[in-house]
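Participant: Now for the letters of each chain:
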Amino acid sequence: MKTPAELKYAKTHEWVRFTSETECEVGLSDYAQDALGDLVFVNLPEVDAAAVKGETICDVESVKAVSDVYAPVSGTVCEVNEELLDSPEKINSDPYGAWLFRLTDVTDTDDLMDAEAYISCCEEEA
Amino acid sequence: MKTLFERSVSGRRCSILPACDVPACAPEQTREKQLRLPELSETDISRHYTELAKQTFGVNDGFYPLGSCTMKYNPKINETAAGLPGFTDVHPTQDDAQGSMELLAEAEKKLCEITGMDAMTFQPAAGAHGELTGLMLIKRYHELHGNTERNVIIVPDSAHGTNPASSAMCGFKVVNIPSAPDGCVDLEKLKEACGSDTAGLMLTNPNTLGIFDKNIKEITRIVHDAGGLCYYDGANLNAVMGIVRPGDMGFDCIHLNLHKSFSTPHGGGGPGSGPVGCKSFLEPYLPDAKIVCENGKYAWQARGEESIGAMRSFHGNFLVVVKAFTYLTMLGREGVPEVARNAVLNANYLKHLLEGTYETATEGTCMHEFVLTLESLKKENGVSAMDIAKALQDCGIHPPTMYFPLNVHEALMVEPTETESKETLDNAAKAFLDVYAKALEDPEYMHHTPYNSPISRPDEVTAARHPVLRCQIDD
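As you go down the protein sequences, you meet chains A and B in turn.
Position 22 of the first sequence, counted from 1, bears residue number 22 in the working numbering, the numbering being contiguous throughout.
Position 247 of the second sequence, counted from 1, bears residue number 247 in the working numbering, the numbering being contiguous throughout.
Hints listed in this document are in silico derivations from the structure and should not be mistaken for laboratory results.
Bear in mind that the values here come from a model prediction, so they are computed numbers and not experimental data.
Just so you know, not all the hints are guaranteed correct.
[What the hints assert, rightly or not] Straight-line C-alpha distance at most 25 Å; calculated SDA-like pairs for lysine to any residue:
| hint | chain 1 | residue 1 | chain 2 | residue 2 |
| --- | --- | --- | --- | --- |
| 1 | B | K378 | A | K53 |
| 2 | B | K109 | B | L345 |
| 3 | A | K90 | B | L345 |
| 4 | A | K11 | B | N295 |
| 5 | A | K11 | B | P178 |
| 6 | A | K53 | B | E149 |
| 7 | B | K54 | B | L35 |
| 8 | B | K422 | B | L354 |
| 9 | B | K379 | A | K53 |
| 10 | B | K422 | B | R303 |
[Said to hold, decoys possible] Only some residues are given here: those of chain B computed to face chain A with a beta carbon under 8 Å:
| hint | residue |
| --- | --- |
| 11 | G242 |
| 12 | R245 |
| 13 | Y403 |
| 14 | E460 |
| 15 | L469 |
| 16 | I473 |
[Said to hold, decoys possible] Okay, the calculated bits of chain A under chain B, using three or more residues with CB under 8 Å as the criterion:
| hint | region |
| --- | --- |
| 17 | 38-44 |
| 18 | 69-78 |
Don't be surprised by glycine CBs; every beta carbon is placed ideally from N, CA and C.
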């Protein structure tokens, strides 16, 4: 399982890549994509939608089930990765390249974990 | 296999169509281009459908332990009754259909008695449609009581996927609550979730893990105290019917799946039927119309302005109700609880035979179904629940429900139903155990099962990513 050290993680298995103090990209962790199995559909949020930390922001569908994606921080959606609509398999093949959406005005970042803490969180879950 | 169009040979004919008894249309009404219809002999058609039938697997082919779906045997007498001309040759708008109306009224009475409800509608076409109908009753109740802030439906994480979907469809916000370690509703989490925005709770009991929630009365009381209503998803009624009643557990409305608990055909062989029952205070909101009986004569009575309106044309899938009514009549009052008892007995017998080899999601006795988890097999040998399910097909067994409930990893959910004999269960247990032994011995073999079914392993990832939904024929 890959867990890049430069990223932050939520216990709901989203990763966060800060591009500035108040802007970030969000995607699904390697652990999440492996647990979900082959992804076949991504339902992205709308641009300008409000992300509220801990609440459902969009969903992904694998051959097993539809699963909610939770906002790891609060903010406003400024861009979504439309490329994933036609190729959701990118989340499986390159989980840390396949960002789902970008946020601005990011707040509520206190609960994010670093890679080490996230790895032990996954170990507990397993 | 080839489609009828691919089998077509220009100019080939057969005589199975009856003579045309309507006048030919005028030339200006005809199509400019001839319809592309397959041209086949009777032999070709007959072989085509037989080939199709051979690719399917139904309850008439073998053991079908599809958890949560109650794939019980469909007695043939149901079909005989539903085929009676008195039922097939009626039209919902004809002046008088006393026999059919009496049947609906009697079916309502019987099903209300089983569920502890006061009234029922037969309009919903199947389970999820029933959920929507029941939630609309709850919505209407709150609207008419000025509870405009009540827009949240609470759903446990073990719920059927249709519960949150129906709630969202009905305009509610869905709040998920996690289950307690024993798979039942976590009372503390439920209390936290309940509040002034609570419209209601949707619950199956026994739940998806096959456990009867011992706190059920406390659960419904918490929701009622918060001002919400309680909805019972009838998917798992087979475990308790004739023994305990959702109405007595504190539920206000309910849907039934006649195609599960009441032995009418399921899935593509349906259609389904999802009657919705409710307590008397919700009855005015039910869809039109109500059957009343005065001096031995049945009549339809409109429900008035508070009704949620029509959910479907006329009286739903009427002939399905005829089949369920036949089933109940054959069982009688003593037979209904016997069904539940045997469904629970069969599930526990099979669970017992598999325990020790397979890991179960819950310990102790279960109700009508139980959940296996293949998580450690997957980790240690790389053999997944999917591989086991596919291998069972080679043993002539329909796979159990896979990857559900979501709160159990690598889940296989097994529901044998009461209509299987001890011999069938013994053979099935042997097949399950053999498959497990094979998984330990040769994981690679397992990844390519089934070897003997008409279709081996469809590429479901590509099918889901790039679905081809219609057959296209180049001109």
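Participant: Output the indices of the hints that this structure fails to meet, ascending.
Facilitator: Checked against the structure, the hints that fail are numbers 1, 2, 3, 4, 7, 9, 10, 11, 12, 15, 16, 18, while the rest are satisfied.
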